[in-house]
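Residue numbers (my numbering), protein chains in the order written: chain F, 1 to 288; chain R, 1001 to 1191.
Careful: at least some of the hints might be erroneous.
[Claimed, not checked] Only pairs whose alpha carbons sit at most 30 Å apart, straight line, appear in this in silico DSS-like list of lysine-lysine:
1. K98/F / K83/F
2. K1118/R / K216/F
3. K270/F / K1061/R
Derived from the structure by calculation, the hints contain no laboratory data.
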Amino acid sequence: MRRRLASTLLFLIVASLQAQQVTLPKKPESVRFAIIGDSGTGGDAQLRVAEKLIAAHREYPFEFALMMGDNLYGGDGPTDYQKKFERPYKPLLDAGVKFYAALGNHDDPNERFYKPFNMSGERYYSFKAPRGSVRFFALDSNYVDKDQMAWLEKELPASQSDWKICFFHHPLYSSGEKHGPEVEIREKLEPLFLKYGVDVVFTGHEHFYERIKPQKGITYFIQGSSAKLRKGNIGPSTTTAKGFDQGYTFMLIEIDKDQLFFQTISDEGKTVDSGVVTRRDSKQMTER
Amino acid sequence: MNLSRYPVAVLLLSSVAVAGAVGIQQPKTNPDAQLLQDFKARVDKYMELHKRLEKESPPLKETKDPAKIKASQEALAEKIRAARKDARQGDIFTPEIAQLFRRLLYPEVKGPEAKETKRVIKDDAPPPKAVPLKVNAEYPEGQPLPTVPANLLAQLPKLPEDLEYRVVSDALILRDVHANLIVDFIPKAIR
């Protein structure tokens, strides 16, 4: 009986380790990061996803993580920062992983002054990856005003990076039955993304994972289920490349030269999506 | 530039054109442009106060300690409330300015894009009456800050960095971001 129990336990441990295996290529000098979205509940689901993220970091030591907004649900007092961010991700913070946040509709814009969110006191900002030719643009999709548009119109063409990656809260494309796509924001942002060679866009807001089929050459991801889940909310759609609304998720990304590899992992440690996005040559796209 | 998408720009340009045509001695301006100038003057006056009181409050700067963010917010809010203890709805959005704003917003909430605009406003909006429509009231902690549709923002005059518009139910709110205060509001702005 004891032997059987031990072997069952061993099987479960091995299965769990196997299930969580990171399948990214782990090439030398690649840019490695993680993505979480709609994470700030402080609840059990956030903790479960955080545990898997921490386990993944041991195998795949990503240097930074992007947060898709709704970083703090409910209150935003000092204890909320502890409960909904500092405690769940403490091992990552201790290991030097930097978090870069975008603002969601549940976030007080004053979160931008919280140093561990690395927003430099700005609602929208950009930063360069620690290596490689990759620049990220964090936008505030809650408030796409003239100033932000002017900033983006200036910053995108000014960047000489091969990869221009935008991230923000509201999805421009979505098959979600609760929220759906943000068409008004799409009308403003998408022309700039196309004009200035943005290849990949990460968003949240919808409480599920969805990869959208490339739209005008841009690949869109929704990663909004790192603590909240809206089961069965992905509706029938011709734009979905892959959807997962049955569990909580986070993403791991690796960029090597002209390829962006992604792996989406559930709170049960299962890979629910993976693949590679190849960078468009923006010059070729412009000339066509 | 499609000027019909930017009514505020049209109003300001037309005021310059009219003033130019009539010469300096008879400066006549479009009444709407005058209202916008009046709005700007009221906002500027508020911001003067905001900046002065900000200097007297704990600074809001990047910090690892969220308690400092909250302390800065609360201290500024308290000072603004005290300085504007007699402030009333309509001090900034005067009835005339409010009427102009309603008119500026009208095409977006009644035109072809109305359905999408209203969907965005209602998306994850705070429950009814969760946000007190009251000058100097704190925007309640924990309540979502409804996304302002980009097409509505495009219709409205630009604000200084520390102020923002928000739509709560059918009201347009002017919110002090640093102090998390409702500075003024227009009831029934979205009809």
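Status of the hints after comparison with the structure:
no.: 1; hint: K98/F / K83/F; result: 18 Å, holds
no.: 2; hint: K1118/R / K216/F; result: 27 Å, holds
no.: 3; hint: K270/F / K1061/R; result: 41 Å, violated
Taken one by one, the earlier hints fail for this structure only at number 3.
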